[in-house]
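Asker: Sequence:
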Amino acid sequence: MDGDAGARDDDAEEVEVFADRGHLYAAGIVDRRAPNRTEWRMRGRMRTVSVALVMCLNIGVDPPDVIRAQPCARLECWVDPLTLPAQKALSTIGNRLQNQYERWQPRARYVQSLDQTVEDVRKLCISLRRSSKHERILFHYNGHGVPRPTTNGEIWVFNKNYTQYIPLSIFDLHSWLSSPSIYVFDCSAAGIIASAFAQIAAQQRDESGPSSTDIILLAACSANDVLPMGSGLGVADVFTSCLTTPIRMALRWFVTRSGTFLRNITPDDIDMLPGKPNDRKSPCGELNWIFTAVTDTIAWNTLPCALFQRMFRQDLLVASLFRNYLLAERIMRSLRSEAALAQLEKYVADPDNVTFQPSSFFTEQLTAFEVWLEFGSESKRPMELPVVLQVLLSQAHRLRALQLLATFIDLGPWAVNLALSVGIFPYVLKLLQSPTTELRHVLIFIWTKIIAFDQSCQRELVKDQYHLYFLKHISPTSSPVFLQRLMSLFVVSGICDRFSQGQHAILTAGGLGALAGCMTDTTPLTRVLVLVCCAKLWERYEPAREAALRQLVTPHSPLNVVDYVVSIAQQDGVPQVRAAAAYALGTFIVTSTETNATTRAPAEGNKTALLHLGIVRRLCTLATDGSGLVRAELVHTIHALIGGQREAFADIAAMIPYADMTRPFPDENVSSNVLNESRVFIWKIVLMLCRDPLPRVAQIALTLHKLLCPYRLVRSASGQAINASAAHDAPEHGASIPRIKSDSSFLHMHEPASTTIEHRSTFYDFTCDLFSRGSEGGLGPSFDDERWIERQEQPPDADQQIMIQEARYQKANQTDQEALHRNYEDIAERRLSGELALLTSPFEQTTKLIMHPYEPLVVSADPTRLAVFNYETSQLLNTITNGNTRGSAITSLQWLNPKHVSLVAVGSDDGVVRVWRNCHDAAGKVAIISAWTAVPGMKRGAIPGLVLDWQQQQMRLLCAGNSNVIKVWDTSREFLTADMVVSDTKTLAITSVCADNDLVFTGGSDNRVRMCDLRAPSSPAQELCTHDGWVVSVRAQQHTIAPMLVSASVRGDVRVSDLRKPTEPVSIFQAHHSGSKSEPLNTFAISDVAPLYAAGSVKQFVNIGTLSGTPMNALRYQDGFLGQRIGPVNCVAFHPRALLLAVGCGDRTISIVNDRDDDHHNHPVIVQR
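Residue numbers (this note's numbering): 20 to 1188.
Misleading hints may appear alongside valid ones.
Here are the simulated DSS-like pairs of lysine-lysine, each with C-alpha atoms no more than 27 Å apart in a straight line [unchecked claim]:
hint, residue 1, residue 2
1, K179, K295
2, K142, K107
3, K944, K958
4, K703, K958
5, K1080, K1118
6, K300, K107
7, K107, K179
8, K1005, K958
9, K152, K179
10, K830, K944
11, K626, K703
12, K703, K725
13, K179, K142
Treat the hints as calculated values from the structure; they're not laboratory data.
Go ahead and model the full structure; you've got the sequences and the hints to work with.
Answerer: Dropping the structure here:
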């Protein structure tokens, strides 16, 4: 071993454990709340199916209340009526108006009513309502040839001979048309009609409620206004022209006010503008496109979401009319109208040699949206979003628009909600037809976000056969992009989720075979999503289940899909993959059990029951899995099994009391057969999981227990009897059990954030969170798939902690370097006797101590509780009840992730390890992040209990105790990687364990120190030395240039050797300064940064000396002139990076001792939170 090993290890980047969102989910800390969702779908889409064009022009005769100045505007629908005979002009204007409307809604039924009577209008309205049924009718009224409306709410029509104006009541008109309907009134004083309709709406609301009124009214002017008649525009029906020909009208209006800017363009030249409104590559079409984008943007940023959808998304014709209603010169000028008109001037001069130059409007708007993405926030929605929607229609800008849209919806569910509300759904749905490969990645990303937000979109995907688009991208051969495959898998799972048509579509398209081919993928997240897809494919869908039993994983594999999923659950090295496999098997079982109960014959039902019992029994090995996520899914899978065999399991449960779960099943009570034997085994697993050390898993198991045993008592992990209901308890084998009132046991004190215990697994919700969460990423050219996934797998508050954690990490590394290179040559001349702090424990005794390397924290423990102190301020920060099983005690403490969000691992002598988060937080955020039985079968109360050693870089936890075996746990995989037998003596108890890289050193009750190699776990251990008594401590220095291995026994003899040559002792001495062996050594510790040891005794003293055997001083009294004698010493612990010593005594005191002569060497560089 190289002498600089310690320096190299400290320079290595620390890997954080128990920090991903899977652990938060398993512990019940993350409460998944549904996002705030605006109803973006139009329920019952409305159409305008009929249009009544009522023209009251009476060409050649002015109404009596109108005095026209000369010259005046005469164009009606761009037709001069004085250039044609009166009747011909009237029909031409009517036809022209119909053509203008047909451009916006070509499928409607149009009926012209030209200079008609009241009776003609009545028949027309009644006929249209009868044929339109419950659809919308448009009533367009041009009253340029009749008087203005009356104050009673009447418009004018004619008699048969055109000799009189006949009033038509608005109330009668609405009674004929009813609702839904939209009215356009192009006449003077149109605001009077609006007042009449307001009365109608108020009357209907009073009679039938607010939902009975669906009336839209567009009026040309207010009640006191007269229509413009000047000759500037030359247009008499300005309002109608704006509604039906907005571009032509706007350009005409702009030309008349442009002054000298376009002096060579006349209003009549506007008609020569090339192109059609629906051709976006022409000047006319581009202007119309820009106009649509901007008017949508105005409405989007002005109207409430529900009103915007009703006016601009529900009805094609209504949306067009409302866009055109917003027409104004200021808006058209901002749309670069002058650019198009400037080109028109060249076109008029030489129409054959002019090339159209597109406007830069959309490019500039995309840039503005990109700026918003960089600096915007949820509090202010982007006004450019409707423009992005329109840009998707352009092939030139489509890729950039999609990338920006993907970046936007990646901000979180609120952004997806806004995108869907503005109307993005039909656009991205149609784009799935595009063969362009550049769009594939971003389209899959967008659809992943949409499905994660609202799975009802699955129906449109299946209806239009778009599920094939995603199914073909799940194979690594067809889709080499990692994230693209993941998201395709997720979309496929969303298509199948509780949707039988989607399941059928995926199955018939070969989806199960494609998924089976991906099960051997080397990427863990891919395997998770493949298993989730399988789970959703066969959930409550019998054909997929039967196909899974026939489908082989590979052509040469003997295993079908179901058996292979079972093997994944048992053997995969990633806990989330094992949990996904258990979840998939749970949905496999819950589907079939409901079907079996009603449709299967008894023989076939027994065969199926045997199959499911066999699956679950093989899964029962997961009851000892290190991951709470996996164990929770096991309980849900067992629940699915019991749901289909409830009566049989109820009989089993009635015969096996909880207290006697290990007793053999009584043969006289039930026939001995394979089915019942498996049910007994599985039920005992349920009873064991009711006492799971992780509260959420125990609560789920207790809920399952309550379903079958509602009147029985069970015990929580703390030993508290919990009554499942208020009813009396059933007897256990003739013995009456008294009811015990449930108090605040461990399960109640440490409840997860969500207090509702669900009967179904929420693993799919957990998977959806991966894709629905906002990451503030992007899908530009520099997009990093792996970085995006890494961000998504972090806890929800990870982004807020990044800056803090980086500062902590840099400070911690600085502390490491200072401690490593500190000079301790004069250590023998110092006295570690200054009292930095004297803390009072809230408990009767202190049995274990541990100091944080970078923060002023010390954690003390009594047999069942923890206390956390800030020793700089002498403040008690928190007390925690560990939740031990009855009769067990805390025997070991370890800091995990000291450079990050630190965790405390607590080992107890029942073999359980519990990992606590935010243990220093007095605000109540303390939580258990993980817990599992690291060493099963340990005898509670036996010395030394469970002993732990932690290797941060290797993410490895060594667990040993009252046996000759060391359990090696890989915490990143939450998997038991090795059982290392250190001796053939089965009665041996390992009293201490420590590791240095791959070498493990143990001390045992047989007085021997041994060395094992993790690279060869099956090789026999090498004996290093023998002590005079059982070994109290074996420690390897971790933070010195020349690290030492130090072991000590209960008789006080200490052996020191160089880690590079552990078999050759450097020094051997007696820890008792008097040399007496009559005073047993109770506790022993060494410093990681200096050659020091501390030995504590129940005789009320602590001896401190150097590792060469030189005594320094003894602590017997507390500081002060009248300092009292310290109590019996139960534990001592050095600070990992400074010359500080913590001493825990039996009189409730905890002393923090330093070198009183040299503060520079005593205080570490503390990293404050």
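Asker: Next, verify each hint and record whether it holds.
Answerer: So, going through the hints one by one against the coordinates:
Annotation: proposed proximity of K179 to K295 is violated, straight-line Cα distance about 41 Å (limit 27 Å). As the CA atoms of K142 and K107 are separated by approximately 24 Å, the hinted pair is consistent with the 27 Å bound. As the CA atoms of K944 and K958 are separated by approximately 33 Å, the hinted pair breaks the 27 Å bound. Of the pairs offered as hints, the one joining K703 and K958 holds, with about 20 Å between alpha carbons and a cut-off of 27 Å not exceeded.
At roughly 35 Å between alpha-carbon atoms, K1080 and K1118 are farther apart than 27 Å, so this suggested pair is violated. Between the alpha carbons of K300 and K107 the distance comes to roughly 36 Å, so the proposed pair goes past 27 Å and is violated. Between K107 and K179 the alpha-carbon distance is near 18 Å, which keeps this suggested pair within the 27 Å criterion. Taking the CA atoms of K1005 and K958, the gap is near 14 Å; set against the 27 Å cutoff, the hint holds.
At roughly 30 Å between alpha-carbon atoms, K152 and K179 are farther apart than 27 Å, so this suggested pair is violated. The straight-line distance between the Cα atoms of K830 and K944 is roughly 25 Å, inside the 27 Å bound, and the hint therefore holds. Our distance criterion of 27 Å between C-alpha atoms is met by K626 and K703, whose separation comes to about 23 Å. A C-alpha spacing of about 14 Å is found between K703 and K725, which places the hinted pair at or below 27 Å, so the restraint holds.
For the given pair, K179 sits about 15 Å from K142 by alpha-carbon distance, which is consistent with the 27 Å threshold.
Comparing the model with each numbered hint stated earlier shows that hints 1, 3, 5, 6, 9 do not hold.
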